[in-house]
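Chemist: Okay, here's what each chain looks like letter by letter:
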Amino acid sequence: MALTLERMRADVAAKIHEEPDAVSDHENLMDLGLDSMRLMELTLLWRELGTAAGFAEFAEKSTLAEWWALVQARPKAA
Amino acid sequence: MTTDPFDLTAPQGQPLTEAQEGLWRFQAMDPDNPILNAGQYLEILGPLDVAAFAEAVGGMIAETEALRLRFRETPQGPRQRLAPEFPALAVHDHRRAPDPESAALAMMRADSDKPLDLARDATAAFHLHLLGPERAFWYERVHHLCLDGYGMALVTDRAAERYAALKGGPAAGPDFGPLRLALEADAEYRASARREQDAAWGRAAMEGAPEALGMKPGRAVSGHGFHRATRLLPPEFLARLRDFSRSRNATWPDLVTALTGAYVQRFTGGPEAVLGVPFMARLGGSLARLPCMAMNVPPLRIIPDEGAVLGDWLKGVSKSLIALRRHGRYRAEALRRDLGRIGGGRRLHGPLINIQPFDSAPKMPGLETRLHILSAGAVEDFTFSFRGDAHEGAIFEADSNPALYSAEETEAHADRFLAFLEGALKAERLADLPTASPAEARRFLIDVNATEHPFPTDRTLIDLILDKLRENPKAEALRFEGLSLTNAELDARTGALAAKLKELGAGPDRVVAVALPRSMELIVALLAIQRAGAAYLPIDLEHPPARRKRVLDLAAPVLTLRRAEDAEAFAGFPALTPDQWPTTGEAPPSATGPENLAYVIFTSGSTGEPKGVMIEHRAIVNRLIWMREHYGFAPGERILQKTPAVFDVSVWEFFLAFLSGETLVVAPPGAHRDPSALARIIREERIDTLHFTPSMLSAFLAAPESAGLKVKRVFCSGEELTADQRERFHARISGELHNLYGPTEAAVDVTFWPATPEDHSSPVPIGFPVWNTRLYALDSRLRPLPAGLAGDLYLGGVQLARGYLGRPDLTAERFPPDPFRPGERIYATGDLARWRPDGAMEFLGRSDHQVKIRGQRIELGEIEAAILGTGLAREAAVIAREDQPGVKRLTAYVVPATGYDAEQLRTALAASLTPAMIPSHLLALPALPLNVNGKLDRAALPAPALEEGGPSRPASPEEARLAGLVAEVLELPHPPGPEADFFRLGGDSLLAMRLALRIREAFGKDPGVGAIFDSASLAEIAARILAAEGPAEGLEPLLLLAKGDPEAPPIFLAHPAGGLGWGYRALAKALAPARSVYALQAPSLTGAAPFASLDALAEDYAARVAEAVPQGPIHLAGWSVGGVIVQAMAARLAERGREVGLAALLDSYPAEVWRGRLEPSEAEALRAFVAIAGLDPTEAPPLANRAELLAYLREKGGGPMTLLPPEVLEGVVKVALGANALVRGHEHRRFPGRLTHIRAGLDHQNDPGLQADLWLAHCAALEKLEAPFLHPQLVSPAAVAVIAPLLAERLKAFDKERDPKSGNRFSDQSRDPQNKENA
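Quick note, the sequences are listed as chains A and B, same order.
For the first sequence, this note's numbering assigns the number 84 to the last residue and increments by one with no breaks.
For the second sequence, this note's numbering assigns the number 1332 to the last residue and increments by one with no breaks.
Keep in mind that the hints were calculated from the coordinates and are not lab data.
If you're wondering where the values come from, they're calculated on a predicted model, not measured in any experiment.
Fair warning: there could be bad hints in the mix.
[Claimed, not checked] Once the Cα atoms are required to be at most 25 Å apart in a straight line, the calculated SDA-like pairs of lysine to any residue come out as:
1) B:Lys1018 - B:Gly182
2) B:Lys1056 - B:Ala1102
3) B:Lys376 - A:Gly60
4) B:Lys376 - B:Lys229
5) B:Lys332 - A:Leu76
6) B:Lys1056 - B:His934
7) B:Lys328 - A:Ala16
8) B:Lys723 - B:Asp792
9) B:Lys127 - B:Lys328
10) B:Lys376 - A:Glu25
11) B:Lys332 - A:Ala8
12) B:Lys328 - A:Gly56
13) A:Lys82 - B:His934
14) B:Lys439 - B:Leu384
15) B:Lys229 - B:Asp792
16) B:Lys229 - B:Lys723
17) B:Lys180 - A:Gly60
18) B:Lys332 - A:Glu25
19) B:Lys376 - A:Asp27
20) B:Lys948 - B:Arg561
21) B:Lys376 - A:Leu11
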């Protein structure tokens, strides 16, 4: 299963006990209560699903839109 | 050119971020505290390329601006800037040292423990210690103001990354950003609406939160060090944590945080725990990869739901953690201020849970690494830390504040907490999880209770007694008031009566009442009833008739053995009086067995309804045979019977002698309450063994007749034996002292403790279980507790009562099934107790003595233990009084020990108890009231006097002065009372700083801002001021020379010529402790401008003493020039409308006498110093100059005088010479009161003009006294021995005249408020 924006949104929402529609593209995800531990787990999950971006890169960004851009810019080498 | 507000290189520096401000304040309060030096080292194993490593570290340092920060205080507040110089990696080669590792560790410790001058010293240091060919330690030390824990991990990893790149690994990523990013982020947040929202959220989240508590009460302020217990967590354990949490959509840090809350709550009690949760506060932005200090420690409330499914509850905590992170940037310090949780021990949170999954050892190619954290910042209370991740293993560290926890307790918490986590992974609910670890549960449920011991299980008590009596028929069995019975006679008389009783219906499990005073007949009756197979029921003739009737109705005795004259009291109940007892006859053997009743004793329930406790033979046989064997009771000894039969202690007194072949000596009725009668019996009857309730023991030890008594053993039980009673016992009586404990429901006693002279335990434990007996300390869910945690005391084993007579409901309630031994019962004592680590039990009072104050559950026994623990009181009782409806106040009643000081006691309690536990009233009593059983009578404790609104006690001079400053700083209309709390009055941290400054100015001492923050009351701050070492130590204008009764008005001693009051030390010591004694010293010694006239001086001094003693009389005395000052001050005070009490002049003469005389030479002035320094100048050689004077003072050990800095000594000389001029220029004003003059009787032979009468011109009345000394000797210890009693007598007469209750000096409340209003 390839990584999609909607998949990422659903993963984030599940981590913070929210419904996917509670996580908008431009909301600060840290403000929603995402912590380093959960971000680490998401990073590991998403790397398996097709991105080369790592924890530090995600950590410097804060919205789903930025993350999606990052994922698109850094596809996993085939 | 506009200035860049974030330019850290600007010479003026930049303000601190909010995150740094809190740390700065902590460090500023305690500049010598090195605990903010965060230190760690990376253990590197393998072939390290030192040059490459140095290059890597250097590169990291070059890109990390935070490592170059310096800090200083400016009038605008603290500022930080970047120093131009970079720290460099220092390499230490220990490879040839005998013990390279120890050498390196010692250097690291020394570096970490060194407090920094933050303005000058490098705030970061990096050392590489080479230990061997393949081993090195990389040490990093950075002040917390520069980096937080996450920042530390960033720089460590970065150096490793650079090293890897240098060794051919992947290229290191981009450099760290500039530190200005942190300032920008801070400014942005401060100005944002977001901050306000976070603040509002934080306040709402803490709404209604209880007082935050640690796992032990006391002041949670970080010291300079901490205890640490480290445990390695195996990957399997972490994997289970991770799996458990993942299956519940949480993370393992969430799970561990939740369980830490549950664990902490087990120790704090109450419904919830408030943890501090360090939060990195930088994810998702420019700070995510910036080494800086950004961390925050917001509070998290965790409410354990014991009954909920663990996963469900965890989900809730996980959600509250998410909410906390959303709002977690709002500074905890700000929230604490918003919530008013500053000062007085009020805290925002209890222990910390710090989880740093990223803080693991970084990888370097070809090397193995291990990370060791030396210090990660302040430890206020207890910090639970996890470092590392769940895949590779992590480290758990328990750090504790040594002021609160011992090293052993810290280790025990580490093990127990991990066991708690383990247990949680298997448990369905928190309710299934005991606080004790499995190892502790085994120890405290099983090991300490391994008391199985054989005893005669097939015999009744009377069987065993008869066997013993018949072994030695001629031996003396019983003595009473000169009468005596042999074993054979006792056997015959009891047999005869038993036959009659049987005839009248006595038999197994039937009850026969006994209502006889202590006598031969009483003993015969108790044995005869048992021989008849029945159980005896003691009835007290002193009990109220209604109660007596109730007991008789409940027990329905087949018969009552009573005196003929008591017929009326027992009307309607069949009786047999001693004159009807047969003297011949023999009871047939009874069918009674060990399972039948031996006696029934009624106790009072909490409802007042008497409950009849039924004790079977096997229970009491176990108890008595244990006692006989354990203490080695042997034939030929004597036991005293003095306890009333209705009190179950009497049971062993009555029967143990007969079981051991000893003689029982029965004390006359009433003797048990008369210490001198008891002492006489003990001596005359050569008593070996006797019993006291601790209260009665205390009274007995106070009686003159108890001195030097010699006995074999004394047993105490019935109430708590105090450490003081133990010590007084051994100081006065030669013999063993044993502390026993047990309720009537468990056959007299179930625990024992030898209270030997070598035992220094406080509290004195109740000790270990007796044979075939179990003790449990359990929580409210009947789960085992570890050592040190108070719980309900339960008893199990052979000694338990059958139950309550006629009350199966009550029996079922109080004797539930033993949760740990199927088929057996336990008894719920209603007492609180805790295990000591050595397996001895400590008694902490009744659980119904638990009260709720400010929502906090408080054990009164714990407060009593804390009071006794100070050693300031011999006995203590604490009760929660509700003298005003709805206002519950804790009142402590203490019997003072030598050296008792109410203020000191308050201060000591504030250091060891939570604020809500500190009694609001402290009443000293000569003795605590006792009831008829010799136990504390709580109902008879007097009510403290309650004031309407005003302070509960008068202020000391320091307190009054401080109150003035507080009123000034807070702009209050009136000075607050000594119990007032600065922060509750409206103070905040800024105002606290201002108050600190004013204190420094006014007192010449600097207790530090910290003292204001930590103190619950002005009284406490005043105490800290007194205790503070000031820069002007000993030179302050008002120097406390001797502390005395704060109730009595103090006396002020005006300095002689030199301006110093030190020469008065001997006099001060002699006048205290009846009152406090102060010296008035020249303010010019501490930098003030010298006075232009003696009038100006007197006015200044009068103002100082008037402020220090706001009401009541002011007592003054002065020697030499000091006497002239006293008269001038007295005149000024009278003009102000103040009353002058004693005004004593020690060989002083008015100004006009001196005007016509020559000025003293320098030699004379120098000589005068010898006296000023408190030495006898007549013994001194001629002194030509200052050097000779100093040499002489040093040779004689001239006290602190020789330590004076030269400029101060210079000042003293100046004051001395100036004083002469002042006196000569002085015009006396009339003092409209009485002066007391003491003439130096041996002096002035050549100067008959110096007469006391000269003062008549300047006062209304003059009292003339004389002391046989020379003028310079008047303040020497020899003269003081004569003069002090003269002054004391006059001062005392003065106090008496004013205060009719002055004899009652112990009571804080005894002072009649009217006394204060006579001014």
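Chemist: Against each hint, give a clear statement of whether it holds in the structure.
Modeler: These are the hints, each one checked on the structure:
{"no.": "1", "hint": "B:Lys1018 - B:Gly182", "result": "61 Å, violated"}
{"no.": "2", "hint": "B:Lys1056 - B:Ala1102", "result": "29 Å, violated"}
{"no.": "3", "hint": "B:Lys376 - A:Gly60", "result": "17 Å, holds"}
{"no.": "4", "hint": "B:Lys376 - B:Lys229", "result": "40 Å, violated"}
{"no.": "5", "hint": "B:Lys332 - A:Leu76", "result": "28 Å, violated"}
{"no.": "6", "hint": "B:Lys1056 - B:His934", "result": "22 Å, holds"}
{"no.": "7", "hint": "B:Lys328 - A:Ala16", "result": "18 Å, holds"}
{"no.": "8", "hint": "B:Lys723 - B:Asp792", "result": "43 Å, violated"}
{"no.": "9", "hint": "B:Lys127 - B:Lys328", "result": "44 Å, violated"}
{"no.": "10", "hint": "B:Lys376 - A:Glu25", "result": "39 Å, violated"}
{"no.": "11", "hint": "B:Lys332 - A:Ala8", "result": "30 Å, violated"}
{"no.": "12", "hint": "B:Lys328 - A:Gly56", "result": "30 Å, violated"}
{"no.": "13", "hint": "A:Lys82 - B:His934", "result": "73 Å, violated"}
{"no.": "14", "hint": "B:Lys439 - B:Leu384", "result": "31 Å, violated"}
{"no.": "15", "hint": "B:Lys229 - B:Asp792", "result": "17 Å, holds"}
{"no.": "16", "hint": "B:Lys229 - B:Lys723", "result": "42 Å, violated"}
{"no.": "17", "hint": "B:Lys180 - A:Gly60", "result": "23 Å, holds"}
{"no.": "18", "hint": "B:Lys332 - A:Glu25", "result": "14 Å, holds"}
{"no.": "19", "hint": "B:Lys376 - A:Asp27", "result": "40 Å, violated"}
{"no.": "20", "hint": "B:Lys948 - B:Arg561", "result": "21 Å, holds"}
{"no.": "21", "hint": "B:Lys376 - A:Leu11", "result": "33 Å, violated"}
Comparing the model with each earlier hint shows violations of hints 1, 2, 4, 5, 8, 9, 10, 11, 12, 13, 14, 16, 19, 21; every other hint is respected.
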